[in-house]
Amino acid sequence: CVDSLDDYNIDTKNPTKVPASTLFSNAERNLGRTMASSSVNLNVFRLYVQYWAQTTYFDESIYDINTRAINTNFWSALYRDVLRDLQEAKTLASADILTSNKTKANQLAAIEVLEVYTWMTLVDTFGDIPYSQALNIDTPQPKYDDDAAIYADLATRLDRAIAALDASGDSFGDADLIYHGDVASWKMFANSLKLRMALTIADVDDAKARTMAQQAAPNVFTSNDDNAQLNFLSTSPSTNPVWEDLVQSGRKDYVGANTFINRLTSLNDPRLPVYFKMKPMTMTYVGGVYGTNNNYNSFSAPGAALEDPTLPGVLLSYTEVEFLLAEAAARTYSVGGTPASHYNAAVTASIQQWGGSAAQAAAYLAQPSVAYATAAGTYKQKIGNQKWIALYNQPVEAWKEYRRLDAPALVKPTQARTDLPLRFTYPVNEQNLNTANYTAAASAMGGDLVTSKVFWDRF
Amino acid sequence: QSRTLTGKVTDQGTGQGLPGVTVIVKGTTIGTSSNSDGSFSLSGVPTEAKTLVFSYVGYASQERAIGSDSNFDLALAVDNKQLSEVVVTALGVERTRNSLPYSATNVEGSDVVKARNPNFINGLSGKVAGLQVRQSNTLGGSSNVVIRGTKSIGRSNQALFVVDGVPISNENTNTSDQRTGRGGYDYGNAAADINPDDIATTTVLKGAAATALYGSRAANGVIMITTKKGRQGLGVTVNTGATVGRIDKSTFIKHQTQYGGGYGRYYEDPSGFFLYRDVNGDGVDDLVVPTSEDASYGAPFDANKMVYQWDAFDAGNPNFGKARPWVAAENGADTFFQTALTTNNNVTIDGGTDRGYFKLGYTNIYDRGVLENSSISKNIINFAGSFNLTSKLSSSASVNFSKIDGKGRYGTGYSSTNQMTNFRQWWQTNVDMKEQRAAYFRNKQNNTWNYTDPDDLTPIYWNNPYWTRYENYEEDQRHRTFGNVSTTYKVADWLDIMGRVTMDSYDERQDERQAVGSTTNDGPDFYQRFNSTFREYNFDLFANINKQVTEDFSIRGVIGANMRRNFISNVRARTSGGLIIPGLYSLSNSKQLLSPPSERETRVGVDGIFANANLGFKEMIFLDLTARQDKSTTLPKENNTFFYPSAALGFVFSQLLQDTPWLSYGKIRGNYAEVGNDAPELSVYDIYNNQVDGQGNAITTFGGAPLFSVPSSRNNRALKPERTKSFEAGIEASFLKSRVGFDLTLYEQRSVDQIFSVDVSRATGYNGRFINAGEVRNRGIELTAFVTPVRTDNLNWTINANFTRNRNQVVSLFGDLDNILLANYQGGVTSNATVGQAYGTLRGADYVYDANGNKQITLVKNAAGLPTAAYYRQTASANNVIADPNPNWTGGLANTVGYKGVSLYFLLDVRSGGQVFSLDRFYGLATGMTDETTQNNELGNPSRSPIVRNADGSYAPSTGGVILSGTYAPGTTINGVDVSGQTNAIRTSNTNYGLYGYARNPAAGFVYDASYVKLREVSLSYALPKSLVDKVGAFKGVELSLIGRNLWILHKNLPDADPEEALSSGNLGQGYSSGAYPAVRTVGANLRLSF
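Protein chains in written order, with my numbering: chain A, 1 to 459; chain B, 460 to 1550.
Note that these hints are calculated values from the structure, not bench results. Heads up, a few of these hints could be off.
[Stated by the list, open to error] As a list, the in silico DSSO-like pairs of lysine-lysine whose alpha-carbon atoms are at most 30 Å apart: (1) B/Lys851 to B/Lys1077; (2) B/Lys949 to B/Lys1077; (3) B/Lys1179 to A/Lys252; (4) B/Lys713 to A/Lys13; (5) B/Lys1196 to B/Lys1090; (6) B/Lys1196 to A/Lys277; (7) B/Lys688 to B/Lys485; (8) A/Lys252 to B/Lys851; (9) A/Lys104 to A/Lys90; (10) A/Lys13 to B/Lys949; (11) B/Lys688 to A/Lys252; (12) B/Lys1320 to A/Lys17; (13) B/Lys949 to A/Lys252; (14) B/Lys781 to A/Lys143; (15) B/Lys903 to A/Lys453; (16) A/Lys412 to A/Lys453; (17) B/Lys708 to B/Lys893; (18) A/Lys252 to B/Lys1077; (19) B/Lys485 to A/Lys13; (20) A/Lys102 to A/Lys143; (21) A/Lys453 to A/Lys380; (22) B/Lys1359 to A/Lys252; (23) B/Lys467 to B/Lys713; (24) B/Lys1077 to B/Lys1196; (25) A/Lys17 to B/Lys1179; (26) B/Lys467 to B/Lys1359; (27) A/Lys17 to B/Lys467; (28) B/Lys949 to A/Lys279; (29) B/Lys1050 to A/Lys13; (30) A/Lys412 to B/Lys688; (31) B/Lys866 to A/Lys279.
Computed from a predicted structure; not experimentally measured.
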């Protein structure tokens, strides 16, 4: 009878116990893919910053978020597929009695760094989000926390993680898809992330930004080799999602946007031939009109480098770090060097990262329109314009920095459904499933609109 | 002294002899039954005997005065479903209709198969109040069978099918992607494996009181099928028939014929409509159609304009290298459909003696669809027999073996394998279908109209439609055996004990493929196979009690136990990264290392004990009591037992009014019942799993690193059983010698403590978790009525009508949650269960209206601040209720006219209300597919022409574009003047996605009323007169019928599609139409011979 069938309701094909490292790897993979993706269902920020224009189907370029539930997908990917697995990895790692305490501490710190990274990305994208009550199935309707308060807590957590990382010990080994268990690299990544966090809040809390930047600066990335990135592989399902969209699908959805290509052209940017192909049957680079239909063959398509399935998915780069240091120096933070020296290092690193030579970089920087001293605008504009060009492979950060630095000057297309988004509206299912908290958060944000600003976006 | 009476009993309708008719001398036990040709001989009749009674199941009994006659030929008429009708109830217990205190509807087997539908389920549509059957237009597609509304939020709402005691699931194995319109095949539901010609009667048990004995699985109602039994003597019946079908063009898109391929004026030539390439090498650029563009917002057709089209680049094509006039296709998309053909052949041999009977049948149904290279063939063998070993002990067995082979089932949803998505949403109206066909068959290559570019002849979004049909087809096979063995021992006159073992077992295989050379939009080329085994065993032991205690008081009852065991095991494996050798479909032909196959195995055990008592008093008052307790393995052990009772009372008030001549029969009845249900398997304990990629492959490693994830749904160790509580009251009556009658039922069902995976904020790290919560209420009215305006010996005319009105409401969900998401569809549309609303409402973006109900308009301005276009304002949120898919009411009206051997029958099937969102219109209007997108504006100019302004900025008389009707949104200014609320006067261009489709309108703009009135079935049959049949000699009966199905949609409001067409059966996809297949009008003939 039924009472003797105890095993009937046991899933015989799935495990009930797994090593913590398998969840850590899975979270790294999901995070790397989400940040790299060019899917119109998930990561549309290459469009928002006008690197690319769409050819036939241009709904996302005119900021249609609803039809493909892009905000929902981005939110779910980070909460469910990254943060929840990291949280579980943390629980399992803590409970693992076979791992030495030193290794365990490093593992937990590495998880913490990735969590902080992911939370920051969520705040940067939505503003107020569920945080203190999130990731708890017993609280199915978590309240939203203030975006600035979340950042403050993340800063504390990041400091604790930095302190806990002990380069003399081990971590996750090869299960760590980013640094293969190298704790020293994690420490640099954590400090670089702290530097990013510092500059992100600089417009709203200069004193704290200064302290954090100065603490972090001595221990940040020093070369492109230090980049925090997911090294995609050439075989499915470990390929770069950009390759899946541009090559594997056979679709021709994207061409370079005129906004971006015109800028690269006017600056004689050596990255132009890497970033884009020439217009078919010509020797010129022509960008499509952003926000309307474009004939694929009349414009420059994304370059061959983006058609490589092993193109890394970058979470945080040395180039970005140098731009942050340049900005810190410009803000008179004591981070060593000058705005110009860091700016030059950033641009050089970016050009080299895309296969250019030091000489090309030097020639490029020698141009009055590029040289820090003579380039047009405020320090924010100088840095913002070049950072925009350099973050081509970091679309999520590029959109954030565009909003924060207010450079370059982008114009919304005529057919745009809304103004250029300064954040994502909350997912529809938050409106349905977490109504009271959603309503409170929407009002705290000044309305659940794409034009409401995240706390650090003062200008 | 006695004498012998002889005679022959025939069917009044067909004139055929009726075997097995009971002939009895009234008031005695002297009787016999008619033999195989209907004749009888009754000896030993006392001379004082006055009356003979002729009775036969399903026919009105007749009495004949004996007098001095010794020969009695008479014709029995089919009974009008009252009084003496025998109804098979739960567990196969036969009862007379008058003793039933709950609603049960019988449909004769011959009525089910009247229109020779290869899927018998569809033959029930429109015939039973309270039963909603929604058919699919795909070949072999699943039918949604729901009785009395949607009860369960997250679990199946499909009725349970029971064939001679064997429960048969009506679930399908379609993927959730398929059910939410993201592509895949509809493999149909397993209940369609039943042989239509083997059905004697079908009984629909609707409420919980009727089904409580079946336990938890019957909460959604039961469709009981009793197969034919052998009759005395030997009989052979042969049915042979064929039908042909053509699409109903009112349910298919009619493309506009004024503009060709392209999205607008932004390509290479000076007009902007064409590519501009020097194709013929004369140094002058030529016009080339933008082959990559899957829309028809291109250049206006002009027979004088010579354009290079796809065929000019297809090497070997007769038109290779040639330009051709720019005109609409001569052979449009509707020529893609072929004539469907179904042949249906059945032989049944049956026979019996007083010791037992047997039946052996073979059926072959071959079904060729309206798409090329599509077919389903069914071969069904069934055998049943019973034998009375002694006068007390009898045994019976039945077995059904079926083999279903499918090939080229239709692709569904939004997918490159579904040509309907292509024709309805993304198409160039200049593409000639016959030329595409010829191009494919010339060299069997993917010579598509949709080349990436004239310089890159790979398909970009769409394959050649024939390539899709002939290269990317699926194949499937299902071998199934179901049946039972049982033994009954008659302990006493009033008690027998039955033991029975039933089994339903099938093995299924589904092969899917995408050939090398296809578009890779949905992923690289692949081969995938899915193998599934299904086993269900039931062990029943029960005692049947039937005792007339006193003259007035009778008791019937059942006490029993049931053990059920289910095993489902399946494996899905798919190649990775493409195929190495084109045309080889094996897993080893994977370009990259094969991802591990995904496996799933579930086991369920349920033990039940039950008892039932029917108490009858004076054939007038009937009381039914049932109780059942189940114990299920799917629930946590400490909470796995659940008990539920039912009580029902019937009062045949006509028994008190026997001297009221106009009242033939009358009964009122009422009942209350509860049914418990267990949890879905594997929803109690937590596990870890692998995520899956877009192709459904498990992601198990990254490089060398193994991966695991926390599943997106959280299980629950505290689940308890869910419950459905049902109340029903009814009255049935017939008048004027049962020439007129009705049956009215009111019911309410509340399903509480439902177990489902409730959606939670994704910020929890989950999509949902299993809980007990929620209540869904269904209230309804069912009315069945009949009238026989004419009933004479030769002419018989009956009208049957039924009407159902069900009101469904989600009463509560979980905590203060007021909405959960059931499914996410393309187009920014979601399906929801919302407190206070009917189940399954669709949400999406809506228009914004002003106080007077006008749509608000927003303006687009140029750099100088002048308005250049006006568009409808849309809600920022996609969370507005835009459609309710539930019908207001449904009904059926059947007419049967019989004149001598000729019988004419037709059935109207009606659905009123309910709404459907059309993704086909959402995209198809944006891509310029139909006449609506080409109409002239109010000035009589083509709306697609450019907007032309005079020097002062006013519009020129020749201007194109359209002035959308609506008023300016608050805050709108023109030249600095606030014009809020004024009527729009700004023109908008009708190019580049136009004005009518999704690009300019919210999802709410594509919601349509889903009502229809269909002429569902027509049959005209003619039974050869007996005199003629007798001359031929070999036959006992010959019947020829002409039949038609879905001949005419008299009324509908959804343009270019069938409002009934849906993606799949089940809870998902209701009210969502995408890549819809046209309805098929079917006509045919059937010949029935009995020997």
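Each hint, compared with the structure:
no.	hint	in the structure
1	B/Lys851 to B/Lys1077	holds, 29 Å
2	B/Lys949 to B/Lys1077	holds, 26 Å
3	B/Lys1179 to A/Lys252	violated, 52 Å
4	B/Lys713 to A/Lys13	violated, 50 Å
5	B/Lys1196 to B/Lys1090	violated, 49 Å
6	B/Lys1196 to A/Lys277	violated, 88 Å
7	B/Lys688 to B/Lys485	holds, 27 Å
8	A/Lys252 to B/Lys851	violated, 78 Å
9	A/Lys104 to A/Lys90	holds, 10 Å
10	A/Lys13 to B/Lys949	violated, 47 Å
11	B/Lys688 to A/Lys252	violated, 64 Å
12	B/Lys1320 to A/Lys17	violated, 60 Å
13	B/Lys949 to A/Lys252	violated, 77 Å
14	B/Lys781 to A/Lys143	violated, 67 Å
15	B/Lys903 to A/Lys453	violated, 57 Å
16	A/Lys412 to A/Lys453	holds, 17 Å
17	B/Lys708 to B/Lys893	holds, 18 Å
18	A/Lys252 to B/Lys1077	violated, 81 Å
19	B/Lys485 to A/Lys13	violated, 68 Å
20	A/Lys102 to A/Lys143	violated, 35 Å
21	A/Lys453 to A/Lys380	holds, 18 Å
22	B/Lys1359 to A/Lys252	violated, 69 Å
23	B/Lys467 to B/Lys713	violated, 59 Å
24	B/Lys1077 to B/Lys1196	holds, 22 Å
25	A/Lys17 to B/Lys1179	holds, 26 Å
26	B/Lys467 to B/Lys1359	holds, 18 Å
27	A/Lys17 to B/Lys467	violated, 76 Å
28	B/Lys949 to A/Lys279	violated, 90 Å
29	B/Lys1050 to A/Lys13	holds, 26 Å
30	A/Lys412 to B/Lys688	violated, 76 Å
31	B/Lys866 to A/Lys279	violated, 45 Å
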